[in-house]
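All chains should be modelled from the sequences, with the hints used to inform the complete structure.
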Amino acid sequence: MKKIVMTGGGTAGHVTPNIALMPALRNEGFEISYIGSYDGIEKRLIEEQGIPYYGISSGKLRRYFDPKNFSDPFKVIKGYRQSVKLLKQLAPDVVFSKGGFVSVPVVMAAKHCKIPAIIHESDLTPGLANRLAIPSATKVCCNFPETLQYLPEEKAILTGSPLRKELLKGNANAAFSLCQFTERKPTILIIGGSSGSRAINTAIRNLLPELRKNYNIIHLCGKGNLDDSRQGTQGYAQFEYANKELSDMFALADLVISRAGANAICELLALKKLHILIPLPAAASRGDQILNANSFRAQGFSYVLEEENLTNTTLLEAIETVFQKKEEYITAMNNNSGHNPVDMIVKLIMDAAKSSH
Numbered sequence: 001m002k003k004i005v006m007t008g009g010g011t012a013g014h015v016t017p018n019i020a021l022m023p024a025l026r027n028e029g030f031e032i033s034y035i036g037s038y039d040g041i042e043k044r045l046i047e048e049q050g051i052p053y054y055g056i057s058s059g060k061l062r063r064y065f066d067p068k069n070f071s072d073p074f075k076v077i078k079g080y081r082q083s084v085k086l087l088k089q090l091a092p093d094v095v096f097s098k099g100g101f102v103s104v105p106v107v108m109a110a111k112h113c114k115i116p117a118i119i120h121e122s123d124l125t126p127g128l129a130n131r132l133a134i135p136s137a138t139k140v141c142c143n144f145p146e147t148l149q150y151l152p153e154e155k156a157i158l159t160g161s162p163l164r165k166e167l168l169k170g171n172a173n174a175a176f177s178l179c180q181f182t183e184r185k186p187t188i189l190i191i192g193g194s195s196g197s198r199a200i201n202t203a204i205r206n207l208l209p210e211l212r213k214n215y216n217i218i219h220l221c222g223k224g225n226l227d228d229s230r231q232g233t234q235g236y237a238q239f240e241y242a243n244k245e246l247s248d249m250f251a252l253a254d255l256v257i258s259r260a261g262a263n264a265i266c267e268l269l270a271l272k273k274l275h276i277l278i279p280l281p282a283a284a285s286r287g288d289q290i291l292n293a294n295s296f297r298a299q300g301f302s303y304v305l306e307e308e309n310l311t312n313t314t315l316l317e318a319i320e321t322v323f324q325k326k327e328e329y330i331t332a333m334n335n336n337s338g339h340n341p342v343d344m345i346v347k348l349i350m351d352a353a354k355s356s357h
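Each residue of the sequence shown is one higher than the one before, starting from 1 at the first, in the working numbering.
I should point out that these hints are in silico values taken from the structure, not numbers from a laboratory. Given the structure is predicted, the values throughout are model-derived calculations rather than measurements. Take every hint as true, because none was put in to throw you off.
Quick list of the computed label-pair ranges, beta carbon to beta carbon:
#1 T321 with H112: 48 to 58 Å
#2 N171 with D228: 23 to 33 Å
#3 L208 with P23: 38 to 48 Å
#4 D351 with G232: 51 to 61 Å
#5 K244 with K213: 28 to 38 Å
#6 H112 with Q324: 51 to 61 Å
#7 C113 with Q234: 56 to 66 Å
Think about it this way: if two alpha-carbon atoms lie no more than 27 Å apart in a straight line, the pair counts; the simulated DSSO-like pairs of lysine-lysine are:
#8 K85 with K114
#9 K43 with K223
#10 K114 with K155
#11 K75 with K111
#12 K273 with K185
#13 K2 with K88
#14 K223 with K165
#15 K88 with K78
#16 K111 with K347
#17 K213 with K185
#18 K347 with K3
#19 K2 with K347
#20 K165 with K272
#21 K354 with K114
#22 K3 with K155
#23 K354 with K85
#24 K155 with K347
#25 K354 with K2
#26 K169 with K347
#27 K78 with K43
#28 K111 with K78
#29 K326 with K165
#30 K88 with K111
#31 K43 with K3
#32 K326 with K185
#33 K2 with K85
#34 K244 with K169
#35 K78 with K3
Glycine included, every Cβ here is placed at the ideal spot set by N, Cα and C.
Below you can see the structure in the form of structure tokens.
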């Protein structure tokens with residue numbers, strides 16, 4: 001049996017593409033193991049898949065001053081030693097990394113153990129963790145054509161992002177019932193990321209009286225961000241997050257308002273859903289979401305509203321504009337010559353596994 005070790009963590013975006021690959025890898029006869037941090041979000045998500053999980057020491061490399069900058073390099077070194085030991089024990093034919101800081105010592109350990117490692121970069125420009133891992137990788141997959149210029153030519157492959165098949169099989173009626181809607185109206189789905197967005201949450205709630213006249217609203221507001229005073233408001237359903245229900249919510253949604261994380265926008269493109277992107281501002285990130293959103297806007301897929309310009313008026317205008325230009329956006333998304341990222345990446349993994357023997 002062929003063996004693969006997968007790694008990646010820190011956010012759900014570094015885990016869900018790995019999960020999307022797992023059914024196809026199993027079909028090809030791979031035995032899958034996973035290396036992540038001791039208690040990151042990846043631990044729960046992977047254990048739910050019934051995959052053997054191994055935790056290692058993980059540090060974060062920051063671009064700003066923090067006392068942990070002095071202790072975290074030692075955690076990374078410890079994680080590297082643990083990874084070497086685990087890879088020798090598990091003896092995989094190949095390692096696949098979806099990024100995040102926990103993946104860096106694993107990919108470096110793979111090179112030390114002479115195991116081919118394939119990594120995937122979701123954002124338009126490689127993040128720090130992947131920049132550190134690229135020299136140890138044999139291939140680097142990416143989502144955006146623009147990303148190829150930032151990667152070593154002999155390693156870079158444009159694959160797109162692997163998406164879970166169940167996302168495409170949602171049941172709109174199930175979401176309608178779950179949200180306890182009573183009127184059939186166009187539905188707007190708001191996704192602010194796993195921790196939510198205060199700016200988006202506030203704007204949506206300020207506009208509720210206006211929006212509810214014409215739309216049903218599904219609001220994924222992030223952990224700890226429910227507004228108890230609005231529970232039971234007809235035409236408005238709020239949830240901290242959605243897991244299995246998300247595919248049903250996508251099926252019901254006529255328009256999605258979302259952050260511009262790479263996995264999120266690739267899902268919207270695959271689903272051909274009308275959407276408005278409100279990228280995380282540069283002050284709160286390395287600016288990757290702004291680049292992602294601008295790429296999608298340039299290709300005609302997305303209406304982009306910068307958070308600095310987010311007001312009741314601009315959000316209402318954005319919603320009205322997207323519905324008015326619906327056909328243009330849908331045509332652009334339909335014309336996107338998408339290949340199958342899962343098939344492409346699994347073929348790369350199989351080729352790498354063969355070459356390791």
